[in-house]
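Going by this note's numbering, the first residue of the sequence shown is number 1, and it counts up by one from there.
Check the hints yourself; a few may be wrong.
Restraint-style ranges between C-beta atoms, simulated for each label pair [as the list claims (entries may be wrong)]:
hint, residue 1, residue 2, range
1, P17, L125, 34 to 44 Å
2, K150, K119, 16 to 26 Å
3, S87, D18, 20 to 30 Å
4, G71, T121, 18 to 28 Å
5, T134, F10, 18 to 28 Å
6, Q6, S87, 19 to 29 Å
7, E158, A122, 13 to 23 Å
8, S16, N50, 34 to 44 Å
9, E9, Q191, 14 to 24 Å
None of these hints come from the bench; they were simulated from the model.
Don't be surprised by glycine CBs; every beta carbon is placed ideally from N, CA and C.
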Amino acid sequence: MALNLQKAEFVKSAASPDALIRDALPKIVFSGKSNVGKSSVINCVLGRSNFARVGARPGKTVHVNYFKIDGKAYFVDLPGYGYASVSREEKARWSRLMEYFFENAEFSLGVMIVDGRHKPTADDLTMAAWFRDTLSPVVVAANKTDKVKKSELQANLETIRESLALGETEILPFSAETGEGRRRLVTLLEQAVKGGGGA
Numbered sequence: 001m002a003l004n005l006q007k008a009e010f011v012k013s014a015a016s017p018d019a020l021i022r023d024a025l026p027k028i029v030f031s032g033k034s035n036v037g038k039s040s041v042i043n044c045v046l047g048r049s050n051f052a053r054v055g056a057r058p059g060k061t062v063h064v065n066y067f068k069i070d071g072k073a074y075f076v077d078l079p080g081y082g083y084a085s086v087s088r089e090e091k092a093r094w095s096r097l098m099e100y101f102f103e104n105a106e107f108s109l110g111v112m113i114v115d116g117r118h119k120p121t122a123d124d125l126t127m128a129a130w131f132r133d134t135l136s137p138v139v140v141a142a143n144k145t146d147k148v149k150k151s152e153l154q155a156n157l158e159t160i161r162e163s164l165a166l167g168e169t170e171i172l173p174f175s176a177e178t179g180e181g182r183r184r185l186v187t188l189l190e191q192a193v194k195g196g197g198g199a
């Protein structure tokens, strides 16, 4: 199902489990650590420069943000994780919200964004396990691969695959800066929306 990605609107921020959206529209879930460029990836997909806000400092997104796309699906932007300066209380709140989200939400596709330059962090492994437990389709977008030497890229992608233990999950080289990988990711998003579902 083709999506008009220019037709995007912010719907709400959910800070607690009872605020999460539970209607029947398909949901595409984006996750990533605080400095991985998650907002930039979403902006790249939408072809907009500043739709999903790029925070002045990492760790800015502390709510689950919902964007309705073409009236047909939601992009669900999860809070960034792994930023050291966030308070212990905030980390605990984030963890409770995410545990509830993954235990209760159904979604059509998970887009896990990692740093294509580095081995995944312990927090990345936790997020991958949460995605794995849902049994929902997942794609890994290895962002910032424009900063990786071509001779090193394949080895980096294999390290990411092995570390996250996501089996045959597609690892997509991506660059929010250059648009590398955008077309493939949009195709996967549209296929997921065509498949429907998500409560």
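Hint by hint, where does the structure go against what was stated? Just the numbers, ascending.
1, 4, 6 and 8
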